[in-house]
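K.L.:
Here the structure of chain D is known, so what remains is to put chain P in place on it, guided by the hints.
2 protein chains.
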Amino acid sequence: MDAFMQVAIDEAREGLASGGIPIGSVIVHRGRIIGRGHNLRVQKGSAILHGEMSAFENAGRQPAEVYAESVLYTTLSPCSMCSGAIVLYGIPRVIVGENVTFQGEEDFLRSRGVEVTVLQDEQCVAMMRDFIRDQPQLWNEDIGEQD
Amino acid sequence: MDAFMQVAIDEAREGLASGGIPIGSVIVHRGRIIGRGHNLRVQKGSAILHGEMSAFENAGRQPAEVYAESVLYTTLSPCSMCSGAIVLYGIPRVIVGENVTFQGEEDFLRSRGVEVTVLQDEQCVAMMRDFIRDQPQLWNEDIGEQD
Numbered sequence: 253m254d255a256f257m258q259v260a261i262d263e264a265r266e267g268l269a270s271g272g273i274p275i276g277s278v279i280v281h282r283g284r285i286i287g288r289g290h291n292l293r294v295q296k297g298s299a300i301l302h303g304e305m306s307a308f309e310n311a312g313r314q315p316a317e318v319y320a321e322s323v324l325y326t327t328l329s330p331c332s333m334c335s336g337a338i339v340l341y342g343i344p345r346v347i348v349g350e351n352v353t354f355q356g357e358e359d360f361l362r363s364r365g366v367e368v369t370v371l372q373d374e375q376c377v378a379m380m381r382d383f384i385r386d387q388p389q390l391w392n393e394d395i396g397e398q399d
Numbered sequence: 253m254d255a256f257m258q259v260a261i262d263e264a265r266e267g268l269a270s271g272g273i274p275i276g277s278v279i280v281h282r283g284r285i286i287g288r289g290h291n292l293r294v295q296k297g298s299a300i301l302h303g304e305m306s307a308f309e310n311a312g313r314q315p316a317e318v319y320a321e322s323v324l325y326t327t328l329s330p331c332s333m334c335s336g337a338i339v340l341y342g343i344p345r346v347i348v349g350e351n352v353t354f355q356g357e358e359d360f361l362r363s364r365g366v367e368v369t370v371l372q373d374e375q376c377v378a379m380m381r382d383f384i385r386d387q388p389q390l391w392n393e394d395i396g397e398q399d
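Read top to bottom, the protein sequences are chains D and P.
Numbering-wise, my numbering comes out as the position in the first sequence, counting from 1, plus 252.
Numbering-wise, my numbering comes out as the position in the second sequence, counting from 1, plus 252.
For the record, the hints were derived by calculation from the structure and aren't laboratory data.
For every residue, glycine included, the Cβ atom is placed at its ideal position computed from N, Cα and C.
There may be inaccurate statements among the hints.
[Unchecked claim] Partial selection, computed: residues in chain D whose CB lies under 10 angstroms from chain P:
1. Arg-284
2. Arg-313
3. Gly-336
4. Ala-337
5. Gly-365
6. Gln-398
[Said to hold, decoys possible] Listing some non-contacts, in silico: residues in chain P with all C-beta distances to chain D over 12 angstroms:
7. Ile-338
8. Gln-375
9. Ala-378
Okay, chain D solo, but in the shape it has when bound (with noise of 0.2 angstroms):
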């Protein structure tokens, strides 16, 4: 397991310790993390704070140059919000911890020249599994469906 990831999936845990939803990411440039986070919609009643938009507010203001160096990764493939950031900030490189239990926008990501990995991870997998089955209704609205 890439060690970025595993910090990845302990923001996750610590979400879901927390109440919240188990998505966590991780923003690392040139090897070393300056942003990470899980998502916060419980935590803090917030309607954008997914784990990779977390992750990257915990970075903070950073100049173009930075992105451009740095890899993401985050526990479950990104959802056209923190796809469309990605972009935004240009960054080259993403590392999807699964993809089984929710599609994200990879194709748009590929289009738009980022590289993506999808690790199809055990845990990543079984943490989101167990997540949707027991709170569907959290879940619906974190991406935006209807029950």
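P.N.:
Below, chain P without anything else, positioned relative to chain D:
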């Protein structure tokens, strides 16, 4: 001038007055404002609080049914992040103040079924033209461009 676009412009001006980037947004559900905000990059040191994202955050957690009956107003053509949020939540209609100073992801929005109307409002154009002239570095940072 549409009254809701005027509220978005008021938000943008408030952002400028507090030292920030003059972009404002309003989300309207069945004729009632449920979320409003402006770009808070400077004020909150935020990489994700674009005007539209601030409006989503201010609206709080909403079910898909509410977004499906909402209109988003923004003073400037929405970037990939904000367009991704619009698509995620299924906002069916977006009213854009102008796309002269920045061309966002209108084609992407339309390809996902979003109705996009561009007003080409002179107040909006002048506000951004002046800002980009005065603060080019800050503007480049906000759209992920290198100086």
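K.L.:
Against this structure, judge whether each hint is valid.
P.N.:
Status of each hint after checking the structure:
no.: 1; hint: Arg-284; result: violated, 17 angstroms
no.: 2; hint: Arg-313; result: holds, 6 angstroms
no.: 3; hint: Gly-336; result: holds, 3 angstroms
no.: 4; hint: Ala-337; result: holds, 4 angstroms
no.: 5; hint: Gly-365; result: violated, 13 angstroms
no.: 6; hint: Gln-398; result: holds, 4 angstroms
no.: 7; hint: Ile-338; result: violated, 8 angstroms
no.: 8; hint: Gln-375; result: holds, 25 angstroms
no.: 9; hint: Ala-378; result: holds, 25 angstroms
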